[in-house]
Structures are given as structure tokens and as C-alpha cells.
Amino acid sequence: MIELRNVSKYYNTGSVTETCVFNKFNLNIDKNEFVSVVGSNGSGKTTMLNIICGSIKVDRGDVFLDNKNITNVPEYKRMVKIGRVFQNPAFGTCPSLNIIENMALAENKNKSFDLKPLVDKNRVEKYKTMLKSLNLGLEDKCDINVGALSGGQRQAIALLMSTMIDIKFLILDEHTAALDPKTADVIMELTDKIVKEKNLTAIMVTHNLRYAVEYGNRLLMMHDGQIVIDVKNEEKKNLKVEDVLDKFTTISIECGN
Amino acid sequence: MDAIELLKFYFITPQEIIGILTGVLREGLMYSVASLGVYITYKILDFPDMTVDSSFPLGMSITAILLILDVPPILTLCISFIAGALVGVITGIIHVKFGVRDLLSGIIVMTALYSINLRIAGRSNLPVFKKPTIFHLEYFNFLDRSMKTILILLVIVAICKILLDYYLKTKNGYLLRSVGDNEKLVTALAKDKGNVKIIGLAIANGFVAFAGSIFTHDRGFFEISAGTGTLVIAVSNVIIGMQIAKRIKCISDTTAVIIGSILYRACISIALSWGLEPRDLKLITASLLLIILVMNSIKRKNKVA
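Protein chains in written order, with my numbering: chain G, -5 to 251; chain P, 59 to 363.
Quick caveat, the hints were computed from the structure, so don't treat them as lab data.
Pairs of lysine-lysine residues, derived as DSBU-like cross-links and limited to a Cα-Cα distance of at most 30 Å, are as follows: (1) P:Lys307 <-> G:Lys120; (2) G:Lys71 <-> P:Lys101; (3) G:Lys105 <-> P:Lys242; (4) G:Lys126 <-> P:Lys229; (5) G:Lys162 <-> G:Lys25; (6) G:Lys110 <-> P:Lys219; (7) P:Lys229 <-> G:Lys75; (8) P:Lys242 <-> G:Lys162; (9) G:Lys187 <-> G:Lys226; (10) P:Lys307 <-> P:Lys361; (11) G:Lys25 <-> G:Lys231; (12) P:Lys242 <-> P:Lys219; (13) P:Lys242 <-> G:Lys120; (14) G:Lys126 <-> P:Lys307; (15) P:Lys242 <-> G:Lys62; (16) P:Lys227 <-> G:Lys105; (17) G:Lys135 <-> P:Lys304; (18) G:Lys190 <-> P:Lys242; (19) P:Lys219 <-> G:Lys105; (20) P:Lys101 <-> G:Lys110.
If we strip away everything but chain G, and leave its shape as in the complex, we get (with noise of 0.2 Å):
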């Protein structure tokens, strides 16, 4: 599970342009829930991801990871237990590898880097058979380095990656909003079968409320560092994209927009 509790975080402290993005911010999320999170910009999305991986640090409150408190634990070793996958699609692969070299170092996570050779001829069957299940035709293009693939092509192999061990979290940031239509339902399609066979607990920002509504058995709409609407289970079900929609009009109408 993860919890964030009373968790306040500004930006430019003591300068004239301070933004208060979380002031004593509380979030619960519990094991095997797949969370989807919506919200305008500056709404606190990412900042709370961010919170949650620990690329930023939080001025007060305490952040728990599976009953543990992690406000101090530097981010990569919160990445024992987590994997990320980023808006942009070049975060999550080394471009100069290749894609097996890539698919090999993801595997070693959470193992020692030492003096061995890192590829492992007899892995790569396997490594082929899963760049397989993805039907982008990339075990064919195995030898190539990632910087020359596609958007698309980079993301299915982060998402590959970053769930390739055994991790508890799965932390996706916008991960759709850089790719094409076509190429967002695959990589979307692919991350709720992900999800769903190893049980993992997710959280997804997008932006895209039919994703919003369609995956995940948990909805959050965030607005000025507030969760100002929270489904679950069975009334999650019952949403409508029009609904979340509706909310946000509202929402954003008040604002002035």
C-alpha cells in the first residue's frame, strides 16, 4: 500500500512567485488497486508521483510505502519496489543499447552489478518471446539500438522493462500522452494485462478520461492539491466518461477558464 500523510510542498519558498501545491495532503491507496488519476495542469499530478518515487522531497509529512516510512529512503532505493514509466519515452530505455541489452539490464535489477558478462545467450529466447507478446514485430529488430525505434516501439519496451521483476508498484506518468492514438490503445491495453497478472498496485496520471474511466478499478480527480472526486470498485464501473467530464467543466469554470 501506499500512503501519503499530511504532506505539504511548496515551490520557490520565500520568493514572491511561492506556489503552495500540497498543503497536508492525505492519500491512501491499498494493495492491488490500479488507480487512474485525472486533473487539470498545476492540479499536483505528477508533483505527487514525484512524492511518491521520491524525485522530490516533501516539506512536511510522511510518505509510507507498505507500512513503511519512507520520507528519508533516497529514490533509488525506493525503486527496489517500484517501476516507473515516463511521459516521455526516452527515460525509460538507454538508447545506444540495443534492445536485448536493455531487456538484460532491466532483468538484473535488484541483483548485483558485478564483473559478469550481462547478456545471457540463453536468455534471449526468452527476452524474444516476450517483445513477441507485444505484436510490434520488434523480437525481429533485436540488433537495433532503441534511439532508432519509435515512440511507440520505446514505450511498449520501457513499460516491458520496468515490470520485468517482481515489483510491488507500478508508477505511470503520463505514459500514453506522448504516443498516437492507435499506438496509446496498445501500450494501454498492454499495461491493464500487466498489471492485472502480476498484481501489481499502480497509479496512471493521463489525461485521457476514457482511459480514466476504462481501466482501473479506482478513479481520482484532482484539482489545486485536492482530491476533489474518489471512486472505487463498483461505482467505478458505473462511471461515465461524460460524468468525469461534466466535473471537470465545472471545476474548471469556477476557475475562470
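Position chain P relative to chain G; hints supplied.
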């Protein structure tokens, strides 16, 4: 007059050509070891590491003093590597743990090492001509002196290249390659990217000090100013090497760096043969790097247009 006599009359004798070629090979091979180190920082880590300008003379001073103390020549190479690696660790710690900018942390260590090198050697110039060096070892005795030197250098360079190639294929080596490529991935692999950088700087400066050690064995003295410009020379070698690697697909980056070092040295020799003097050497090295960089950027512009 046949061709050789013509050459003799107007230009240079075949002996002189061989002399120049062996000189180019000797210098090129010696600096190729330092270039392999700079390949790690400049190409893999994308870290402008000024430390090398003093880790090179560090290898020289340590070797000079150890040779005077009659330490076995081969051992001086190993000790120099370790000392260089330690210096790399210091630069890395200053950058990673204390948040000092990459260029500045290198300059800080470089400046401090200047004094330390003088302390180690005791003075700014220390001759060790009378001591046996790696080039006096009882191998390849059937060859003449200069050929033997080149053969020994070739063996050393080959060992360095094979070891570095192997390392870059290991798990640790791949982690090093990803930290320069995409730091976020290293964090995602639950590894501290800072530590990986420190390891890279250690290996790089180890190689550079190792090259400095070979330099002392070859020249027979320590000279405090010999390290100035090491980075410029090595970066030129690496850039030339990368251009070669881009064009000829079948050779590895490390081989290309070694070939680049020899080609670069050949360019210097040509410049010297045009009447420039040894005191112009730094001017030549700097100009040559500038020419390489400008040529690269013109080429890039043409590609875009």
C-alpha cells in the same frame, strides 16, 4: 635517378621515414592508453574531466620515485593505475556528494595534484635514466631497440583494450554505459547513479595515470609540465576515433580510439616537419582539436540543411 634516390635528394631518406613512423607509433600508442581512459569520461559519461591533466603526471612522478627505489618496473605500472583511480574517486566524490559542477571538481583536483606531484617527486624534474624500465625487460631481444619498444607498447595497449572491452560487456560496465546515456534508467534499476559515475572516473583516471607511468619508462624522467594538455590530446584522439568507428562498422570503439591516437600523432609529426618547433607543440595540439571540432560542426550543419 630512381624514386628512392629522388626522395633522398629532395626530401628525406628511407631511414628517416622509418624513424618518423616508429616515433608516431610510439607516441600514439603511449597516448592511446590515456585516450582509452578519456573515452570513458568524455564519450561514455559525458563528463569533461580536467583531472587527467594531473593524473598523467601523477603516474609519472610515482613511477619515477618507485624506479629510484628499485621497485620492479611492471609493479610501478600497477601502482600508478591504483593511484590514478583514487584520484578519480576524489573528483567523483567532490562532484557527486558535494554537488560541485563537473568541470570545476576536475579543476580543483587537478590544481591540488600539481603540488602533490611535486611533493612525490621532490622537485619539478626527476631523471631516472640509469634505472631499468619495462622497455629493458628480457623479451623480444632479437629486435632492435625502437622495434622492441613498439612491440612492448603494442602488448600493453592490447591488454588494456581487451580488459576495457571485457569490462564494458559486464553488468557493471553496462551500468556505466547507461549512466551517461540515461541517468533515469540507472535510478529505475534501483542503483545510485552517483556511485556509478565515481567508478567510471576511477577507471578513467587509472588508465591515464597508467599512461603517465609508461611515459616515464619511455622518457626516463619525470617532468611536472608534461601533463598539461593531456585532456586536449586525448579528447582529440577520442573524437578522431569516433569518426573512424562511425565509418568502419566492423571495428570496436576502443580499437578506433587507438587508431585515432596514432593518426593524431601523425598529424602532429607532419606539422612539426613543416618547420614548426617542439615549443609550438601545445599550439599545434590545441589548433588541431579546434580544427577537428569545427569540421565536425560544419558537417553537422550540412546534414541539417
